[in-house]
Structures are given as structure tokens and as C-alpha cells.
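Chemist: Here are the chains, one letter per residue:
There are 6 protein chains.
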Amino acid sequence: MYYFDKRLQYPVRVDSPDPVYARMLQQAIGGVEGEIRVCMQYFFQAWGNRAPTTKYRDMLLHTATEEIGHIEMLATAVAMNLENAPTKVQEAGAADAIVGAVMGGENPRHIAEGMLHKHLLSSGMAAFPGNADGVPFDMNHIYASGNIAADMYCNVAAEATGRTLAVRLSNATNDPGMKDMWSFLIARDTMHQQQWLAVIEELGGKEGTLPIPNSFPQEKERTEYSYAFFATAGDGSAPPAGRWTSGPSLDGKGAFSVFKNKPMGEEPVLGPARPDSGAESQQIG
Amino acid sequence: MYYFDKRLQYPVRVDSPDPVYARMLQQAIGGVEGEIRVCMQYFFQAWGNRAPTTKYRDMLLHTATEEIGHIEMLATAVAMNLENAPTKVQEAGAADAIVGAVMGGENPRHIAEGMLHKHLLSSGMAAFPGNADGVPFDMNHIYASGNIAADMYCNVAAEATGRTLAVRLSNATNDPGMKDMWSFLIARDTMHQQQWLAVIEELGGKEGTLPIPNSFPQEKERTEYSYAFFATAGDGSAPPAGRWTSGPSLDGKGAFSVFKNKPMGEEPVLGPARPDSGAESQQIG
Amino acid sequence: MYYFDKRLQYPVRVDSPDPVYARMLQQAIGGVEGEIRVCMQYFFQAWGNRAPTTKYRDMLLHTATEEIGHIEMLATAVAMNLENAPTKVQEAGAADAIVGAVMGGENPRHIAEGMLHKHLLSSGMAAFPGNADGVPFDMNHIYASGNIAADMYCNVAAEATGRTLAVRLSNATNDPGMKDMWSFLIARDTMHQQQWLAVIEELGGKEGTLPIPNSFPQEKERTEYSYAFFATAGDGSAPPAGRWTSGPSLDGKGAFSVFKNKPMGEEPVLGPARPDSGAESQQIG
Amino acid sequence: MYYFDKRLQYPVRVDSPDPVYARMLQQAIGGVEGEIRVCMQYFFQAWGNRAPTTKYRDMLLHTATEEIGHIEMLATAVAMNLENAPTKVQEAGAADAIVGAVMGGENPRHIAEGMLHKHLLSSGMAAFPGNADGVPFDMNHIYASGNIAADMYCNVAAEATGRTLAVRLSNATNDPGMKDMWSFLIARDTMHQQQWLAVIEELGGKEGTLPIPNSFPQEKERTEYSYAFFATAGDGSAPPAGRWTSGPSLDGKGAFSVFKNKPMGEEPVLGPARPDSGAESQQIG
Amino acid sequence: MYYFDKRLQYPVRVDSPDPVYARMLQQAIGGVEGEIRVCMQYFFQAWGNRAPTTKYRDMLLHTATEEIGHIEMLATAVAMNLENAPTKVQEAGAADAIVGAVMGGENPRHIAEGMLHKHLLSSGMAAFPGNADGVPFDMNHIYASGNIAADMYCNVAAEATGRTLAVRLSNATNDPGMKDMWSFLIARDTMHQQQWLAVIEELGGKEGTLPIPNSFPQEKERTEYSYAFFATAGDGSAPPAGRWTSGPSLDGKGAFSVFKNKPMGEEPVLGPARPDSGAESQQIG
Amino acid sequence: MYYFDKRLQYPVRVDSPDPVYARMLQQAIGGVEGEIRVCMQYFFQAWGNRAPTTKYRDMLLHTATEEIGHIEMLATAVAMNLENAPTKVQEAGAADAIVGAVMGGENPRHIAEGMLHKHLLSSGMAAFPGNADGVPFDMNHIYASGNIAADMYCNVAAEATGRTLAVRLSNATNDPGMKDMWSFLIARDTMHQQQWLAVIEELGGKEGTLPIPNSFPQEKERTEYSYAFFATAGDGSAPPAGRWTSGPSLDGKGAFSVFKNKPMGEEPVLGPARPDSGAESQQIG
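Chain order of the listed sequences is H, P, D, L, B and S.
All residue numbers for the first sequence refer to full-length UniProt numbering, where the first residue is 1 and numbers rise by one.
All residue numbers for the second sequence refer to full-length UniProt numbering, where the first residue is 1 and numbers rise by one.
All residue numbers for the third sequence refer to full-length UniProt numbering, where the first residue is 1 and numbers rise by one.
All residue numbers for the fourth sequence refer to full-length UniProt numbering, where the first residue is 1 and numbers rise by one.
All residue numbers for the fifth sequence refer to full-length UniProt numbering, where the first residue is 1 and numbers rise by one.
All residue numbers for the sixth sequence refer to full-length UniProt numbering, where the first residue is 1 and numbers rise by one.
Just so you know, nobody snuck in bad clues.
It does not matter which identical chain is meant; a pair holds if it fits inside one copy or across any two.
With a straight-line cut-off of 25 Å between C-alpha atoms, the simulated DSS-like cross-links for lysine-lysine are:
| hint | residue 1 | residue 2 |
| --- | --- | --- |
| 1 | K55 | K6 |
| 2 | K253 | K206 |
| 3 | K179 | K262 |
| 4 | K179 | K220 |
| 5 | K260 | K220 |
| 6 | K262 | K55 |
| 7 | K253 | K179 |
| 8 | K206 | K220 |
| 9 | K253 | K220 |
| 10 | K55 | K260 |
| 11 | K6 | K262 |
| 12 | K6 | K260 |
| 13 | K220 | K262 |
| 14 | K179 | K6 |
I should point out that these hints are in silico values taken from the structure, not numbers from a laboratory.
Please read these numbers as outputs of a predicted model, since none were measured by experiment.
Build the full structure now, drawing on both the sequences and the hints.
Modeler: Set out below in C-alpha cells:
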């Protein structure tokens, strides 16, 4: 079960409220690279964890719980950036436009157009669980496969795209308060990338975990294709050489090669449609 | 641009058509772990690739193109498993049920209930781009971040969950034709896991790529939190020791530690609602 | 604006309530081939109609309004099929199972498994606006393009897939009441297919409407490719001859031919990633 | 920020694991009536709360935090019900079927058909954030409008449908452990219905909060229509009398009446399509 | 069944067409607070109504039918605001920009950026069933639970968020025609809030309807938790006192209290993964 | 199976990169009228084709394969239009704004607001599989019904809305490179409209294919309603005369007429709610 502290994990300060930046921040809340995704992903991995030990469940709960606090920080930042946002699409006449430009201010209409309409119309100038284009977060993005190595790579993927987004959001603003918030959240993403890869290390690294799942006997797969790069260029040209075209495989169980892809099967011929299947009569044999 | 051969990449054979297994196979077509996902992911990564070399674009095109053939194989397998599927929900009387059981056959009603209704009603006994519960594939699952290391980990995650699914589907059937198809597809997933990790190796491994993105100067992050495991247990208890709680970090740039999480910020106080914002009058300061 | 009559457009009678058939009927309410789709499509086409005459707006309103009554009929049929549906997943022991089979009745557990869980748990044994697999209807399927000929073909497509579904649902049941309902709804789909094609005829048929939109001057398109079938077989083999490979085009403005597809462009080379774009440093030129 | 305790809020015990019941439980996790919805709804209402006092933010955080523990309980219950679930769709012959029936056990194929395929194939026999038909939770269901009275009614609606679902799930099982879990969760839903209505009371009840939002001056609305029931029967018949057809309105600001609806506007005539708008030439005036 | 009148329920007039406002209006058509939602919600509640009387079915049909006319009004308003909208993203040079500003007009490029791209590209300058950010309406938002009290609170929630949106949209414009339209629609939302609450009153008010559903015997719930506010602050601090922390409950069946939340369950330990489940071998006990 | 050529099907050239146009182009990639839709639709129709001949499977594969190359061209065009796009939302002061206007350049903030946030934050300045408002493509839009005539009309509908979109996108730009690309893609849409209608011709035209499906015996439908236009005006007024109100039907099997719609059914009365169904006690008979 869970507890809260009404204080934030790390200070959130906005020096110059900017409703367009509020919109961008939504990507870090409800985008596929965002915090709701990692929070829910770690929770569902924890709650369904079937390893013989509860060690990984415990670790996942520590970090999932940390992530709620990150959503909270970002939601607070969105609301703060929406202070003073316009609620009206004014029909700014020429005079206003010129004055606005000269004043260094901005046309309310212009700003209202850059805002997310969900902020303007639905949320009362606060955050919501969707991305920077207003698309609601969809829980299909939560990966909890029941295979711990697969899940760890899903988590690395989430934190790698998450830190990439965080860096972009930090680069996109000049606001010192926002930059400070990102210096903390980017550091946490650094750690989380490490953390999930460290689980892989603890499980034996590439040799100990690959191929995932490692509980399927490899003699049941067509191993002549297990370490072969399939080349599919129409002119049969070889692909550029890389770590994956020759040399030992990363799991120590094979050697890379290149295979020029070709059809090994035949043209499939399905049975004709049946009389009662709603097909056109011309399709019914 | 692209070409086709009307023959299949690898033979697809169904010895005992089974509409319930057809349903399961849909997960490998249009599930989040399925082939449409990797096909589209690799294509969009290729088409948007901005590395100074076209080497990675080229490699991604080889494999994305291979994946179309995998969707084709699975779609063929679905249609073959739906041969002879019932189109009617019969009101099977007692006699039929008993006979059916004794005959080793099955009640048409029973089978119709286990089928995916999309197969029964919408697709004319053929595959469609959705998962085993009938949920259509949603392209939000396509990761192409513009950061090649992040993308590679997304690809490993996709192939790790993909091979896990493939193993489950192979385990779930006794049909020799289907088992043979899986022996090929599982081998390809083995290679694809290797392939994306090999790109990471080529880029310098963990030290050369982490933290992702490695183009953000780490002095801009609060590095005192970059390698610290945040413990969030309410009773302050330490987490179980692991590779991630002490010792050198995996990128060689720090050392793991444990930090007992605590609020560093204050309770946030947002401004009151404004008169024209549609709030309740009690909220307007 | 709109009015209602509390009576149904056509009688709905269910002789043997069947919760599994209730599930199937949902496809005709909230499936992509269903009645909500056509109802909303015709309404939005009517409300946005910009033809110089209001004739088409008027016609669309007649039929959109008719369709509300069809949703109502189907929703009523769903509720009637759910009368007596089980609310409990009983742990039926062996004795019950045998008795059930002999009695010609069915195991409550078995039935509960074939029901849509939305019916069992969310709707109180009534219809809801989703399909036979429980996927909610998504309004992206509403086509109202602002081009009347495009819209008419969208409507034919909707009624063609709609009547195909209706025929499958009629074929799937032995219930006389349900069969009677379908004899009416299938007739209406027959008319609606005719109706939209009749608009095309009135607008001048294929010659008067193609290519859609016919307001774009064809000299602005590369007309050497406008009536050419592009052959993309990897071995360069010709496609099977058909109405579309030779002879006059259907709009009377060209002649069909076959073109062996080949790349006319070059390999695209995108600029390298920029320093502040969150890419990996290896990608930054 | 947040903390966890690895123990559950209330004991979760499953006496007879049942994978079909595991499926049903998903509705209470990721259905529109489920716990993810209320948890996220209360958090986003708290984080965006703009009342002059932080009292409501504080209250919302207490309850949102409580709800995480409910999701955890249900996810645990799902995993426990999936213990021993089949991983294989066996082709059970006649003998097996008969034996199965006599043994009081069940055909593995039968069970596998009733399971959620997401459980069988994607989650490794654990819970995931979607509903009982496998549809992922969609965050559009989170209501946080910025109007506290509107939000409270949204919360009552969520807890009313939530408790209705909980009662159905309790009724659907005979498992004593599951019944005990529901006796707790149903009690919590009772309280939460009370809690949000109590906020309305504290804000002045119906007279103090209606119409929502109460910050819009009612003289700006056409008040002759503000308390009139619009009758839309095609034959002009009056609606059945009810509390809403006569007598004082509930906000004490008007009196109910019945208005026979009629068109007050004209047939709308939109301008013709413009030449460059992609319309058909017949539409361009 | 249903009828139409080609005239609008209430006049729709746009004095100064504004494509950015057209975008905002979409929220009232296809947003979660919009008219499609209430229309469909009332229809599905009516069509599935199981109360012993048809009185509520009848009432719901009156209002659902009224709502179609509201969608029609708003769709008309969208199309009227899109008259004269730009179809081209011009590369406005400096001269144009200055001239535009001085003329009091606006840069076509600027306007095109504020428009919804669905309007610009897909709908031919007309309304579509999605919200102000272009997200299509998703029918999961339709609540029809089979419990009439729950449904009434869902309806109040819909009309409360709906009127809040309407007030925001009225506040956002200076167009007299649009303001007049809103004065009517806001009045209708006022009535509809009243109407659904009046049903609750008729059913016996809070005492007669709570807890919802009132058909579940309360002795089956753990009533010691049914009126207790659970405090989850990590430091054990009491929540602010409110109507919900002490005093009689609103249903007259209990008294409010505060309960300091604590784990009553144990740490859950799930069984290990099974050999054939696609888990990593390290997880298999 | 499939092959690729790394060169593009047709040259893609962008003379003046424009991030706002990049956004528009997304509609042609991942909009409902876009290229992913037709590509996937033709593939799934091919893979599930059950006509006695493989001729249509073959034809569909030619064109589906062609369409991959179109997605590739458009994805390349998006990336090229995003070259030089801003990554920062600068707080442009008055001086900058004036200078920007005079210079004929544009304010970075202004441009950033018109960009799709997915481009700015998620894709690293490249295309993604979603539309111009950032909504991801949803595979429910793929029509493959198992009825070849229905599918052909679905394809005509797709190419008609597709060419309408292409024309709008060509009209929206002044960039010569982009105009040239569209001159090719518009020509291909012209052909594809022809191609699918030519299949209908080959199958016997309207008389040979209608009503779809033509395998359902028409004596089973209520043919008195099969060619009747249902008039639903509340005042009973006749609809405007059209090709669909009198004269022979298009399939040569009937004659059009007008039928004044009226209720033929009764008011439906559903059974009361059952005690264990979670209804309110007032609903339980």
C-alpha cells in the first residue's frame, strides 16, 4: 500500500509562465516517452513478478513509487506555466498587433493558438494525462511480459526515449526554473537506464540472458537462421559490413553470417469462400 | 522502393485447422509484441535516419523488408487455421452434444464462442491487423526517436517480447506444421535480438552510448543523483542489495549508491481560478 | 432538429434469448460495418454539405435519421437476447455438467465465457456502442470529406460491408424472430447501396465524376502514370491480364497499360542530426 | 511525493484459482469503472486544484493514494487466479473430454478459450492495465475539469459505476477469499460516494453549487429555457409527469415546465465549395 | 424511430467567421464534454432501460432526441466559421506580413497554423466527430450501467462538465452570433443538470438511492470501513476536517470517521513461473 | 516475400523546408486517407483472398507493394521539410519580432507553435505513423471483408478520399519540389481509382455484383423495402426527386419508389432488472 507527502520530491519553479511550454511538458506526462508510462510499467511488472525471490518486486516498487512523484512535479509545472494564459481568442485589430509587437508582449490570439486546446477548454488550465498533441495516454504502452529480461530491456527503452525527451525539453526552454527541474529529472533517467541494465548484468549479462526467453531449448529453433543477417536488397547486393554480419554472436552461442533471402515456401492457395460466408458468388468455388 | 515474390519466405503448413489457434496467432500479427510493430518501427527508423552514414538506414531496410514477409506468413497461417471454421451458432441439443463428444469432434457453438468475432463476422475467415482480443493495432507503438541508441534498445525490447510471444505460441500448439513455422520465426527473433545489440557494441557499448542521449553534457544534470538508487519504502528500510546499489556504474562514469528519498520541494500552491475560467465561484479568489 | 416515436421502426422479436448471439449483434451496432457508423457518417455529410443545392443535404438527413431507428432496433435485440443470461460463473461440478448436457441445457459457466464481458459487467445486460469483441466505436471511421463523389463511394463501401455483415449475422442464427429482423435490415442495405450509386449516376456516372476530385486539372498530374498498372514483382513478371491492364479507361480519358516499376529517384540522404536535438553524439555530423 | 509498504492494504486470498474470473477482475483494474480511473482522476484533480485553499488538494491526495493500493490488491488477485492456468490449447479427444467431465475437472481447451488472450500470451499470467475484454485503459476517461463541483459529480459517477461493478463481481463468484476482498472494496466505494457528495454539501449543496459552473451570470443565458423540459415526441404527446416537469427547480432559482420543442432556426445554407478545396466540380458554385 | 425537420432548433449565426474558433467548437461536438457524448449516452440508457416502468425510457428519449439537434447546431456553426478559411500555407514575405498587420487582417500562414488540420485537409471545411485537438470521439465515454441512479450521476457529471465547457466557449468569443447560440445551449445544460438530479429526488434522494447500487445488502460489506475517511499521509498527520470526517453520513446509515490507513495484508508472494510460460530460466523455481 | 531498392520510386525534392508543411504531409502518411491505410488494406485483402483464382491476390500484391514506396517518399519529404526546424521556443522580444518580420524570416517561437509536437519532441525531426494532428494511425481502418466487391468499393473510397487529400496538399504549397512529387502521386491515385472499379466491371458491373453480397438469396429479404427511399421528414414532406426516387434500380432487379416511414413495431418493454444484477432496487420488479 502507499503513502504521500504533500511536498514535492524536488522544487518546481517557473520564472516566466509560458502556455506553449506547458503544452510541450505534456509529452513528458502522457507521451509514450513520459512518466505515466514508466510509473505504470514498473508497478505492473512488480505486481505480477514471478521470480522465486521477491527482490525484484521490491526494487520495482521503490522506483515505481518514485515515478509518481515525477508525474506530480510535471503536472505542477504545467499548471504553473498556465498561470496568466489567455482564455479568450480576441479579434486583435491592427493597432493591437503593432502595439503588442512593440511592447514585446504577444498577441493573445497568437498565444491561444499555440496552446493545447485541452488546456484552454477542458482542464481549467491544468495538466491532464495526455501528450503534447492532446492524445490521451493509452495503456497498451505498458510492457509487463512476465519475462524479466524482456521487461528490463523494455525499461531501458523507456528510459532511453524518456531521457531523450527530457533533454529536448530542457534544450527547448530558457526558463531557469524549468532548466533546474530538468537537471534533476535527467539525472534520474540516467540512473534508471543504469538500473535496468544492472539487472541484466546480475542475471548473467548477454550470455546469461540471451536469447530471450532463455528457457526455450534452442535445438527447437532452426539454428542455421539464428545468427544470419537476411539480406533483402532486390539486386542481391550485400549489406554493409557490421558487427552483425560476421564474428561471434553476442551470446557466445554462434557466429554471425549473411544470408541472401529467398522464398523457401510456395504461393499460398487458400480454399474458396463458402456459400454461407457472405462472399460474392464469384468467389465461391 | 519495393518488390514482391508471390511465394512465402518459409513454408506455412497447418495440419489440423483450429479457429481458436487462429485467434491466438493474431497476437503475433497485430499485438504490441507482433510483426506489424517491428516492420513499421524499422521502416520509420530507416526513413528518418540522420546518422552521417547511410549504413544504418540500409541495414534497417533489409530487416524491415524481411518483416513484411513474416506478417504475410502469419496472415496465411491464420487463414489456414480458419478453414472449416463454423459460421453458425447452432442451438446444439443434448443429443448433438453427446454425439459430438463421443465422436471426438466439437460442438459448433462451443467453437464459435472461442473464435475471435472479428474473424467470424468481419474478415471472412482471414487475418486482420489486430491482436488476439480483437483490439486493432495502434501505431503509437512505433518507436523512432531520432536517437539511434534509444532506437536500438526499443528494437531489442520489441524482439525480446516478440520472441517470448513466439515461444508461448509454439508451446500452445501440437500442430506439426505450426511448430515448424515457429522454429523458423523464433530463430529470426534470436538473430534480431543480436543484431540490435550488435549496433550498440559497434557504437562503443555501454561506455560509448550511455547515458542516452550521450550528446547532453552531463555537467548539466544533478550528477549527485545520477547513480543513486532512490529508496521509497515508507519505513525507510533499505532495498535489497543488487548490482545497482553499489559498485561502479555501467558507463564507467560514476558509482552506485542508495539515497533515502525525501521531499526536497514544498507543497505547491497554485494561483486561484480566474473569474472567466469556468470554475465554481468558491474557487475564485 | 429531430423527433422520436417510442415505437420501433420494425418489429424486434427474440424467440430464444441467446447471450452469445447478443454479443455478435454488437458488431452491427458498434463495429466498423455497423449502424452507428453509417448514421454518424450521413449526418456529418449532411451538416457539412456545400453543394450549391440543399438537395443532397436533405436526402442525407432522411437516411441518417432512418439509421437511428436501426441502431435502436439492434440495441433492443441485444437486450432481449440477454434476458436470462447468467450473472455468475459457477464452478460446475461433474454432475452438473453431465446433467446439463443430457438436459439439452448449457453450463452457466460455459455461457458466461462466451458472453461479452462488457455485457456481463458494465452494461447491466444491455447494448453498448462497441463491437462484438468489446472494442468501443471510434469516430475516426466517419468519412465526410467535403467531396460528394468521394463521400458517395465511402457510403457504398459502408453499406457493402454492412450488408455483408448483416448476411453473416442472419446466417449465424436459427432464431425466427432474429431472421425476420434481418430480412428487413438486409433489404434496407440493398436500397442504400443503390441510393449512393444513384447519386454518382446523377452526377454523370464514371465519366462525370472521375478522377475524384474532378476539379483538379489533370494536366497538372503526370498523366503518363495515370492509367498505368505498376508491376512490382521482383522477377519482373507481368501481372495477370485484366480489365485494368489494357483497353480504354473507365473515365474515357485514357487507356490502360502496364508499367514495370523501377526507382526513378535516388537514395535519400538526410542531413545529420543537430547538436541540440537529443540525438546520439555519433549521429551528429 | 510518495512512499510504499510492500504489504497489501487488505488481505487478498484466492481459494480456487479461476482464470475466467481473473479475466473478469480486469474490468475492476482497467475498465472505465475501475481503479486506475479513479486513482488517476483524483491525482490529476489534486495536482491541478486551484481553490484558494489547499484543503481539497490535500483530501484528494489522501484518497488517490489509497486507490493505488486498490489497484495493487486487484492485480494480485488476478495473478493468484491465474496460478495453474493452462498454457496449451490441447486437441482434446473424445476420451479426454468424457474423462474431464466425469472427473469434475475441465477441458484445458475450454478454459483456454475463456481466458483473456492477453493473460495467456502477453502478460505471463499476470494483470495488465486493460479491461475484461482486453481493451487497454484510455486516459481520456480522466475527468479533471478545473471546476470543483463538476469534478465532484464526476467522482460520484465513477464511484457509483465502480461500486455497481464491484457488486457484480462479488455476485459472480463463490470463492470465499474473493468475496472477502470485495466486502472491503465495496465498503470503500460506499465511503467514496459519500465523500464527494459531502464536498458538494460543504460548498452549499444544490443551491450553492448549481448550475455548474455557478460563476457564469445566469442573466446571460436564455433563462426561459433553463428549467423547461423539451418534449420531442413526433406526435406532440406530453412526456410522463415527473419531478422535472413541474414544481420548483432544485437550485431554488426557477420552476420546471414543459416546452413542446419546435425549430426556431432556419434551414442552414452553407456557401458553395471553393475551387481549390478538393471538392467535386459540381459542388463549386 | 425518428424524424427530422430540416430547420435548426435555434438560430445559428456567425458574424465574423473565425477558423480558430471553429476548432474550439469541435470540443463541444466531439470532446468528452460534448454533445455526441450526451446524445449517445441518453440513447443507450433509454434503449437498455430495465426499470419496471417505461417512464424513464420515455424521458430519456425526449432528451436524447433533443441532443441530436444540438450536435447539428454546432456542426453548422463550425462550417460557418470555416467560410473563407485559407487553403494554402503561403510563404508570406516581409512586405505581406507588414501589410497584413497594418490592414488589420491576418497572415494566411498564421491562420492556417491555428486551424485544426482535420478541417484544412480532411473535412472540406466542415465539422467532424472529434475534439478541438483532432482526437476522434471514442465511444468508451458512453455510460449506461444498468443502474439508474449511477446513470443519473453520470448524466449530471456530463452536463456539469458540458456546461463548464459551454461557458468557456462563450467567454472565448466576442462574436455576437456565437454568444447568442451559447445563451441558448447554456440554458439547456442548466435544465439537464436539474433534470437528472430530479430523478434522484424522485427515487428518494440520497437516503433512497445510496449507496449505489442499493440492492446489495450492506451487511455483506465491511461496514466498519463504509463511512471512514482513510488518511494516507506518510507522517500520519490528520487530514483537514470536513463534512466527510465527522457527523452523520449523507444516507443516514452511518457516521463519518477518520481511519489512519495501514497495511492489513501481507507481502504477496506469487508462485514461480512455469517452465513452458516463456519466462527467463532464472524465474522458474 | 519482399525486396527493397534503396532508391526512391520517384524523386523527392524540397526547395524551401517548411516544418508546418511537414506537419500537413503527415496526413498523407498516417491519416485515414493516407498511404499506410491503403498499403495495409491491399496487403490484408491479398493475404486473405479466397477467390478460386489467385489472380486478384496477385494484383493486390503488385499494388500493395507499390504503396510501401509511397509511404517512403512521404516520410522522406517530411524529414526534408524538417531540416532547419527550430528546437527551441525562444522568448522573442519586440526587437526580434520586428526584425524577423522585416527580414522576411519568421519568429522561431511562431514556427515552433505551428509544428507538430510529435516532430519537435518525439521523432527527432522525422516522420511517424500518425496524422497531421498527431493522432496515431489506428488499424481499425483496414477493410478486408472477405467479399471482393465490398473490398473493391472500400478501395475506391480510400483512393477517392486519398486523391482529394493529395490535391489539397498540392494546392496548399508553393514549393516546386513538393508540387512535382504530388504530380506523380496524384496520377497514381487516378489509376488506383480506375483499377478497383475495373475489377467491378470485370465481375459484371453493377448488375453482376449488386446487391453486395450477391450470394444471399434476395427472396430472403423483404424486397418491398429493397428499392424504396424511406422519407423521414417529421411533416411527411416528400424528399427532392432524384435518380433514387423513381425509375429502374441500378442492378436491374427492381424499381425505385418513395416510402413514408412509420413505426411498424411496438414500444419495446424489456424485462425488469434481476436482484443480483447490480441494479437499483427500484428497478427490480
